[in-house]
Each structure stands twice: as structure tokens, then as C-alpha cells.
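2 protein chains.
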Amino acid sequence: MGFVRETCALGEIAGRLGWDQETMMAPGSAPQRAEEMAAMESVLHARKMDARVGEWLDALEGADIGEVEAAQLRLIRREFDRATKVPAKLASEIARVTSAAQGIWAEARAAENFADFAPTLEKVVALRREEADALAQGGDRYDALLQDYEPGTSAAEISTMFDNMRPRLVALRERILGSEFTPVALTRDFDIDAQMSLSNELAIGFGYDFTRGRLDKAVHPFSSGSGNDVRITTRTAAQDPFNCIYSTIHEVGHACYEQNISQDYLLTPLGRGVSMGVHESQSRIYENQIGRSAAYTSYLFAKMKDAFGDIGVADAEAFFATVNRVRSGYIRTEADEIHYNLHVMLRFDLEQQLISGALDVADLPDAWNTRFESDFGVAVDKPSNGCLQDVHWSVGLFGYFPTYSLGNLYAGCLNEAMHAAEPGLDAEFAKGDTSRATAWLAQNVQQHGGRYTSADVITRACGKEPSEAPLLAYLEEKFGRIYNL
Amino acid sequence: MGFVRETCALGEIAGRLGWDQETMMAPGSAPQRAEEMAAMESVLHARKMDARVGEWLDALEGADIGEVEAAQLRLIRREFDRATKVPAKLASEIARVTSAAQGIWAEARAAENFADFAPTLEKVVALRREEADALAQGGDRYDALLQDYEPGTSAAEISTMFDNMRPRLVALRERILGSEFTPVALTRDFDIDAQMSLSNELAIGFGYDFTRGRLDKAVHPFSSGSGNDVRITTRTAAQDPFNCIYSTIHEVGHACYEQNISQDYLLTPLGRGVSMGVHESQSRIYENQIGRSAAYTSYLFAKMKDAFGDIGVADAEAFFATVNRVRSGYIRTEADEIHYNLHVMLRFDLEQQLISGALDVADLPDAWNTRFESDFGVAVDKPSNGCLQDVHWSVGLFGYFPTYSLGNLYAGCLNEAMHAAEPGLDAEFAKGDTSRATAWLAQNVQQHGGRYTSADVITRACGKEPSEAPLLAYLEEKFGRIYNL
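Sequence order for the protein chains is A and B. Just so we're aligned: the first sequence equals residues 1 to 485 in the UniProt record's numbering. Just so we're aligned: the second sequence equals residues 1 to 485 in the UniProt record's numbering.
Honestly, the hints are just simulated from the structure, not real lab data. Just to be clear, a hint being listed does not mean it is correct.
Given that identical chains are not distinguished, each listed pair holds provided it fits within a single copy or across any two copies.
Stated by the list, open to error - SDA-like, lysine to any residue: derived pairs with alpha carbons at most 25 Å apart: (1) Lys89 - Gly2; (2) Lys478 - Ala335; (3) Lys48 - Gly2; (4) Lys478 - Ala302; (5) Lys478 - Ile338; (6) Lys431 - Glu337; (7) Lys478 - Gly424; (8) Lys464 - Gly152; (9) Lys123 - Met37; (10) Lys48 - Met37.
Could you build the full structure based on these sequences and the hints that come with them?
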């Protein structure tokens, strides 16, 4: 349907504007851009619920069509239903409130004052609840929100896996922090241009196609776009080259997913990654299971010595420990592979309670701090290190957090299956050659875009349903080796 | 009307995509981008002829509204009428043919074979004639096309001025090329980064606001966007720093026009430059009447010595001559202030004949070459130096060429009026201070955006109607001085 294809093309344009805003646009252009974006969103919203789409979907109901066409219809139907179920007035109220809420959150965080943000958060929670009720039509409220980010899954399914994972992660975390061993930290400065040039080289090594994309700097790294215009960003800090390097590899994972989707699906609903969780599985397996492996870091160690001279780390084994250093900390985005999932589970549990009404916004800081101390063994010292640290809830993102850990969990499954299917990968990683691994991921996950549901695509790739077991085995093995546990 | 404002915002987005394509986009993204642009154009086209706009315009017919509102309505009405007068089938056929024609033109130019391009050009001419007839509704065909670029003017009005100008320019050209004096040419290399850094500084000096824009490189320099996001591009060549410097100043002229339009008109039909001719008057007065003046070039001479060391030119007077060197040449875009208008007039006369049918496409090369030899005193040696040199006709731009010289002519009028109103500008230009001049232009031309017609805005600024006299006087005085005529 040409109309849907045009809508996909317009969606790509909206994405490009977002990229421009974070990388190229001058600050004084921001108010005008907000109005441009609003115009674009209004066009996109109107098209998603256009009556012609509904009529077309109804006419095709029960028609004898192929599997791919059926998958396209499923996604078009989902978007159409979502757009038509939510009353226009509510949708615009949510847009209005969340747009202001982000600024209020940022000010409250800077002022370390949760009370300044609480009334706004209450409004956002109330509006998203109302929206969830409209979407759920009698079903579970939180599950309805989850569908925006991880369609086809439920909080109950996720909880089963997360609840199995949490005690073992807490225990692993305690054993690591209680160990005698402390990896060396980097202490010198690293030339920024050399960091970018190395990142560029690593991105190419991981298969990122620069003829259909580009790498720039942004405050918060991201990947943007689908099909044949997929752009990535990274950031640099003189004292922390890993920030630049692993942000790049992470975004390359996202970008390769989009770049490797079958060209048959270009500018159609199938032509995008199927869910946030599967997307995160690609970024994480590139970044962690491959990029932070002993084999790959031995290659990276040599590259860094070439680029920067003596980096103050004795050998590849010590460098492997440095890259994977586990440290207690308050901030999710700075967390290592162990702490990261504990951060997410905390948010997942609390946001379910906020949406169900079991937890009042006023009681959020206490609930956060209590849970944090229990899982992390440290008391939260200030709101910016606690429940005010993330932007997500201010802009109404409820149901988004669990997809981060779901991505890690899927990455664990894929990593196990990939090494089983392609023996001897480590020897290639040690030479910086990830091509057989990325080809396996392209073949088994990426090419399919939105054709299968997220659990299906992982199940098909791995030959079994996703579970937390491979991720836990991987973490216990890897960190057991590094910390001599 | 919110709908029109949204359309303006979407138009800005389309412009930004064009900018991105020329500056940032990877080459492999081009086919996808073409589809994205087509989707955007289709949305914009549908909105321009949306029945709601027509109903709204009809309802306001004869209403008691202010002058500014009336000007807005005039532009909305013009765009609505244009969109509704042209049959949809013809509009899409023009889009289809011109989109392919550009590639065919480029290949024919590379092959130096006009015959390869002739059938395509015939199609484009026929389609644009058909469109012109639909638009003219009994009026003059060529004038109907002219309205897209220079609304409110006619070929007859332009011809009167151009016909007065041509013999005096031909005579001036002959006197210059027959003179004993030859300005020094630059022969060394100039560091590219230093060229860009100097361009940046000059752009700021001319009043370009980098907090609402940016400067990048592009193959063909351009300015893009309106209101608070106006971006410019330039290009660099090691042996020709003037290309970078004067491309920048030229685009700064265009950009300052857009940046200085009253913020009251932001994202409305009045919030853009009123015509191509007035736009070009701003770029040209910045570039030529100010930027290539004896006063300003004395400042630039010092800046270039600071940036590059000895540039091989003895003093400021010699540098003034170097900057304004007149040379015979085939190519419009490389022409000096004298030859440039001769190039344009040739195209203006020939394209009127093509559209009226007085000249067949097959006879175009002969007509071009004959006229060229008569005005330039040189025989055309190959099609790429003759009628295949410009992209314009291939993409259907008929009525566009005259706006270049109209811009020069307006710049001449404005320059005369500006110096009369603001005595002593040259002493400031010699210090690199153009602020009083650019403030006068902002006040008398730029701030008005689309509020007055193009002849009106020039007349209001100058206190008299536009004519070719001031430009000719300026050229004869300036080049008389340089070449001791």
C-alpha cells in the first residue's frame, strides 16, 4: 500500500530531524525545530489513524496472502489500532504534559529536590494510566504500555526471568566486590582525535557500512534511521577512551541491525528492528559478549597501544580486567555488566507499582532507596543518584526500562547459540575479525526486521525459547575468571 | 491559520533534507532519500491545494483585515491557485520527467553531445509550456512561469531594463579587455583550514548569526532554510581562496535576508524572502558592492596576509584589481561582474523563445553559439561550455535565469541608496566593519520578508523604482578605476 510506504518514509524523515537536532543544529534553532517536529508528528499521527488504512485492513481481513504480507498487515493493524484506541484529546494532552515535564524533571534533578518534580510525575503517571486503560480494553494496564516497546510480551513473562536472575546477580556482585583482586584503572589522557579515529576503524571492523551512514559526536550516543540511512553517534572524554570506544561499538550493534534488514522490507513496517529488546540484544552482544570478550580485548589492547603508546596496563589479561572492571555506583548508564541489570530490575518493579497504583509517586524515593540499598549494598546519597537520575519517566516512558535487560538476556541466548553454531570465533576475535559472528547475527536475527515477534526471532535463532540461564552462565564464567572467584 | 503554519513548518523540513543531502548524507543513502523526499513533496502538494484552504480563503474574501494579514492571504491565495490550476496528472508527469532529465543532461554534458539531451529537453519544454498555459489562463505563457521565481513582474518589464544594459556592458567589456592593464593573479596554494577559518570570521563580520545556523562545505554552495535555522555552505580549492571567501559572503547575504525577517512572520508565508531577485540582490550586494569594494578588499588584503603570509600581491590597490579581475570565459558561474549579466541575458532571451515556440530545441546550440560570439567575442568550443553548461533547463527551471541579473540590478539600486542614506560607509568597510550597511539592508529590505512585492520593497528602500542605471554607473566607475579606462 503506497500510503503506508509513504508514511514509513515520513517516519524516516522525522528520525533524521532528531539526528540533526542532536548533532548539527545550532542551539538558537531549537524553538523553531520544536514547531517543525510537532507539525511532522501531527502529519504522522493523522496518517496512522487514517480511515483509508482501516478500510484497507478490513478489506484484507481473511484474505489469502503470503506470510510476509501477513506480517506487514499485523504491524499496520497494530499501529492503526493503537492510534484509533487513544482519544485524540488524551494523546495531545500526553504530548503537552510530557513535553514540559522533561524540563521540570531536569530542574528538579539539578536542585536535588524530588518534591519539585512529584506533581508533574503524578500527572504523567495518571495520563499514561488512562492511555493504558484505553489500549488494554480490560486487559492488563502495564502490559498494554509494554506493547509499545516489546510487543508480544508481558510483565509476567519478564518477571519470571528477572526474578530468577536477580538473586544470582546480587550474589555474584557480592563475591566480586569481596574479592582480593582490583583491575588497573586508566589514569592518563587519551587524544580525542585518536579516539575518534580508532572508533571509526572499530566500527568498520564490526561491519558498520559507512557508505550508508556516518559517525558523529553527540552528548548522549544513539543510532538513528532505518534501511539505507542509519547514522550513529558517540562521545569522547579525554580520560575515558572506553566511553568513546564502547559507545561506538554499542551503536554499531543497533545500526547493523537496521542496515542488515532485508532490502525487500525497505520503507515498510517490517523494515525496522522488531522491538527495543531485540535491538538492545544486538547492541549488547556487539558491545559486551564480543567487544568485551577476552579475545577481542586482546586485539583492542594492541590497537590502543598503537594509537596511544603506553596506556599504563601491563598485558592483555590485565587489560581484559580493566575493560570489565566492576564498581559499585549509583548511575545506571555508567554501570558494568553486573550492576546494569540490577538497576533495570529495580525500575521495572517500581514502575509496575506506579502504573498499577500500588505505589504512590510521593513514596517513590523511599521505595527506590530501600530497594537500592538491598540490591547494591549502598545507601542513595541524593535524588540525582536515585530516582531522579533517568529522564524516562518524565517523558512518559513506562514499560521501556525492562527492554534493556531483556536485550542483555537475549544477547546471552544468542551468544551461546552463536558460539555453538560457529566454533572457533575467539581466535578470530583476537585478530579483530568479527565477521563470522556478525554474519551469523545478520543471518539469524537482523535480516528479519519485523517479520517475526521478538520471542520468535530469538527462539528461531537459538533453537530454544529465551531464558536468563545463558546470560547468567556467561557472567559467572567471565567475571569468575577475571576476579578469580 | 494553524494548517498553513504547519505547512510552512513542513516546508522547512523539506529544505533541511535538501541541506542534509548536500552536506551530510552518505552516497549510498541517495535512493532511499529520493523516496523520502517524494513522500514529503506529496504531503506538501496535497496541503497546498487542500480544499479547507480554499474555503478559508473564500470566507475571508473582502473581510476587514490588517495590511499584514492581507499580505499573508495574498501569498496563500497565490500558492493555492497555483496548486489547483495545474492538473494533478500534469504535475506528476513534470516531476517524473524532470527527475530523470537531470541525469540525462549530466551524461550528455559529459559526452559533449547535445543530441543525447535534445529529446528530453523537448519533453521538458512541452510540459512546462502546458503548465504555463494552465497557469496563465489566457495571459502570457512565459510570464506565468516567471511568477514562480519573481512574482509580480513580467518579461516585458525585465526586457526593458536588460535591453538598456546589454550594449553598455558589451562596450565596457570590450574596453576592459582592450586595456593595457592586467591584474595580478594568485598563483600559490592556500591552506584549506585557514580558508575556512577566515570565511567563518568574515561571515560573522557580515552579521551571519551562527547561533541560528552553521557553515559547512558543499560541492555547489547554497543557503538553506528560513527564520531561525538558516544554514550556509561554501567550497574550497587550494589555489583559489576567493572561491571560498566570496561563496561564503554571497551565501551570508542570502542567509542574513532570511535570518533578519521579522520574527512576527516566523513559519508563515511572509517569513521567507519575497523573490529570487530580491534574494539575489542581498547575496550580490554583500558579495560585490560591499565585499569586492576597494574599501572592503583593503581590509581583506590585510586579513589574507595575516592568515597566509605573502600572497604575491604588492598592495591593497593591486589586490582590489586581483579580486575584480575581468576575464573572458564560457561559464556563467565563474564569470566576473561584467560578464555575468551577459550570460544571463543570453539565457533569458533564448528561454523566452523556447517557451513561446519561436526557437526549436534542435536549433538551440546554433542560437546560443551565435549570440555568445556576438556578446562575448569568442566562439563556443564545446557544448559543455555552451548550452549544456547549466542544470536549470533540464529540471524545468524556465523563468529563473533573469532573477540572477535582476538581483544584480536591484543590488545596484540598493547600493546607491544605501551610500546616500549612510555617508562614510567606505571608511568602515576598510576596517572590516559592515554593520551600518547590513543594518540598513536589514531595516529597509530584509525585515519585510514577503510583505511587499519585490518591486515595491526595492522602491520603498530606494525612494524610486528600480532601474539598470545605478548598476551600470557602479560598474563603469569601479572597472574604469581598476582598468584606467
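A quick look at each hint next to the structure:
no.: 1; hint: Lys89 - Gly2; in the structure: between (29 Å within a copy, 17 Å between copies)
no.: 2; hint: Lys478 - Ala335; in the structure: within (16 Å within a copy, 68 Å between copies)
no.: 3; hint: Lys48 - Gly2; in the structure: both (13 Å within a copy, 20 Å between copies)
no.: 4; hint: Lys478 - Ala302; in the structure: within (21 Å within a copy, 64 Å between copies)
no.: 5; hint: Lys478 - Ile338; in the structure: within (11 Å within a copy, 75 Å between copies)
no.: 6; hint: Lys431 - Glu337; in the structure: within (24 Å within a copy, 60 Å between copies)
no.: 7; hint: Lys478 - Gly424; in the structure: within (17 Å within a copy, 77 Å between copies)
no.: 8; hint: Lys464 - Gly152; in the structure: within (17 Å within a copy, 72 Å between copies)
no.: 9; hint: Lys123 - Met37; in the structure: within (23 Å within a copy, 38 Å between copies)
no.: 10; hint: Lys48 - Met37; in the structure: both (16 Å within a copy, 19 Å between copies)
Comparing the model with each numbered hint stated earlier shows that all of them hold.
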